[in-house]
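Undergrad: Each chain is listed here by its residues.
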Amino acid sequence: MPELTYREAVRDGLAQAMREDDRVFIMGEDIAEMGGSMGVTQGLLDEFGAERVRNTPISEMAIVGAGIGAAMAGMRPVVEIMYEDFLTLSLEQIVNQAAKHRYMSGGQVTVPLTIRTQGGAGWSPGAQHAQQLEAWLVHIPGLKVAYPSTPEDVRGLLWTSIHDDNPVVLFEHRLLYPVKGEVPEQLEPIPFGKARIVREGTDVTVIAIGPLVHRALDAAKQAEEEGISVEIVDPRTLQPLDEETLVASVKKTNRAVVAHEAVTRMGFGAEVTAILQHQAFDYLDAPIERVGAKFAPLAFAPVMEQYVVPHAGDVLAAIKRTVGK
Amino acid sequence: MASEVKLPRLGQGMESGVVTKWLKNEGDAVAKGEPLYEIDTDKVTQEVESDFAGVLLKIALPEGEAPVGQTIAFIGEPGEEVSVEAPAAPEPEKVSDTVVSDTPVAAPPAPPTTSNGRIKASPLARRLARERGIDIATLQGTGPDGRIVAKDVEGAQAKPAAPAAAPVPTGDIESVPLTNIRKTIARRLTAAWQAPVFQLTVTADMTRANELVARARELNPDVRITVTDLLAKVCAQALMRHRNVNVQYSEDALLRFPTANVGIAVAAPQGLVVPVLRSVERLSLAEVAAARGDIVGRARDSKLTTQDLEDGTFTISNLGMFGIEQFVAVLNPPQAAILAVGATVDTPVARNGTVEIRPVMTLTLTVDHRAVDGAEGADFLRTVKQFVEDPALAL
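Chains A and B, in that order, are what the protein sequence lines are.
Okay, so the first sequence: first residue is 1 according to this note's numbering, each after it adds one.
Okay, so the second sequence: first residue is 1 according to this note's numbering, each after it adds one.
Isolated chain A (complex conformation) (with noise of 0.2 Å):
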């Protein structure tokens, strides 16, 4: 199988959506010549020309509103919010508009968009352009909401993304884009709602998403040192969820940790947190474990930024106090 980074797996599935189906174009900040500020869209522009790799003014609001718009006229856009910091600029169109739209006409009207975007800590580039908002939009109903982790997970969402007929909110993290993985030859689309068992174990079982699958998988090789089994479970997609597989592996190992780089507060570990407590009550032998950002805002200190986000430590600790160790 070959290989490719995240940042390239991304590149790929946008460009095999665009060669299969015209309908298909992306729009964004510096997205064409410069190819993105991190570099995920260089060389569409040569091969789909400016029409459909479309560079647009610094308005959030006008980018997810335009892309709405095309969408219900029945194109396939993907646009791009260069940092989802800055998403909270076309909430307005993302949970106003895009969300609703489908529900309010009676399904007369889809919003076939991909609304795609990074962030994420760890370069030191402040409170502004770092934070983790996915738990701003689980929280609305009418929008879909992908995490991927590796490689293969986020070609195979985003292709999933592009041809559903809702608009989905696809999350990357600026850290991922150059790790690499493989990927199959052709292109598989992964379904929503399908959680992926990346480790397992029987001990304790580690729900992870983003970045913090990786930390995860270090913290569980440290674990396995020191004779814990741990299971890690990356749900990939946070809306639709794939309750039923979290809640069998905790059924199984009995102890759970909910591990991302957001705030823990309000997070998308106190929705897991709460359905596994209900679905798996009798099973449950520690209190659930969170592990997330301490409540601040990020410092631009690199060494005050990493006291703030969690590392492989922070999830480790968490597997011990699980197993009372």
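Derived by calculation from the structure, the hints in this document are not laboratory data.
Please note that a few of the clues may not be correct.
BS3-like, lysine-lysine: derived pairs with alpha carbons at most 25 Å apart [unchecked claim]: (1) Lys320(A) x Lys294(A); (2) Lys251(A) x Lys120(B); (3) Lys252(A) x Lys120(B); (4) Lys251(A) x Lys151(B).
Here are a few chain A residues that sit away from chain B, every Cβ distance over 10 Å (derived from the structure) [stated by the list, open to error]: (5) Leu284; (6) Arg321; (7) Gly324.
Which bits of chain B does chain A cover? Going by a derived footprint, with three or more residues having C-beta under 8 Å, they are [what the hints assert, rightly or not]: (8) 243-252; (9) 384-390.
For clarity, every value in this text was computed on a predicted model and none was experimentally measured.
Backbone N, C-alpha and C define an ideal beta-carbon position, used for all residues, glycine too.
Add chain B to chain A, keeping to what the hints say.
TA: Relative to chain A, chain B alone:
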């Protein structure tokens, strides 16, 4: 609930430590992260910070050595009682010159209860304990804060007194409050169980009885005549010939009735009831059927009056319609006897040196020995059998 301060492992290979000094007194407020006590390990002496905020309720180890993980103090709410007695720390120097210690070195483990008596246990541990019939209060928790976890239950044996660890069907047990009628049934049948009873069984050839019922139905198309009606009628006739069975038993006297009031056990929706047919010996078969149809119908509709249930002298309980061939009915006090009627079954019967197939019914009489003796009961049942087999004799 109080948190246990446990001797920490401060480095690889540390197995025990010596508490040298407490920086707080019992009753002092402690903030999380505040230096709490000093500890000597084989490598260093250092201050240890509190992991908990609250009041230092009790210092279990004022000074001395303890293994890693031993509880050395409790921190909790002001005024909170600490219910767990920590084992006293062994002090090697003193043990050598004192044979008897006034503090038990290893107190028996107590369940990890909180101040309000609630036992700390994980949901899984509670479920396992429930399924295996283990009293969770008897277990010692090894999880964080002394919580009982699944491992602790798995290591425990079910108490011998507890029911064997039979698999329990999943799902909740539904609690159905006792209705008044159910309470009455329970009270009366429990009383009945105290009566010294004996049982007598006969079989009856139902050939003629069936013919009679069929003929009576033809003649009385307006009422539905059943075998039960015939039984009520012939029992009433038999009771008139055996007055000593047609009685109610009381502490002081046997109440001998001038007439046969025959109760019919009815499975009404709300429970068993036994409405009474009065003076059955005076009724024709069709009249018995009509009266029986009336009271059974009202029993099923919950429209019986107390009068309908009074003054019975005998009861018939028929489970033949369920295919039950033979059973023993429980006495219906203060009556002295009850007849259990089984299904009529085609049975090979020896007749005049040959085997014939005959419809046979099994009748079992339960008799209160305080009121009726064995021979008397047997004589009565023989009469019933005769009348059933040849109803004309009942005239």
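Undergrad: Decide, hint by hint, whether the structure agrees.
TA: Hints, verified against the model:
{"no.": "1", "hint": "Lys320(A) x Lys294(A)", "result": "19 Å, holds"}
{"no.": "2", "hint": "Lys251(A) x Lys120(B)", "result": "21 Å, holds"}
{"no.": "3", "hint": "Lys252(A) x Lys120(B)", "result": "22 Å, holds"}
{"no.": "4", "hint": "Lys251(A) x Lys151(B)", "result": "15 Å, holds"}
{"no.": "5", "hint": "Leu284", "result": "5 Å, violated"}
{"no.": "6", "hint": "Arg321", "result": "7 Å, violated"}
{"no.": "7", "hint": "Gly324", "result": "5 Å, violated"}
{"no.": "8", "hint": "243-252", "result": "violated (count 0)"}
{"no.": "9", "hint": "384-390", "result": "violated (count 0)"}
When each numbered hint is compared with the structure, violations occur for hints 5, 6, 7, 8 and 9.
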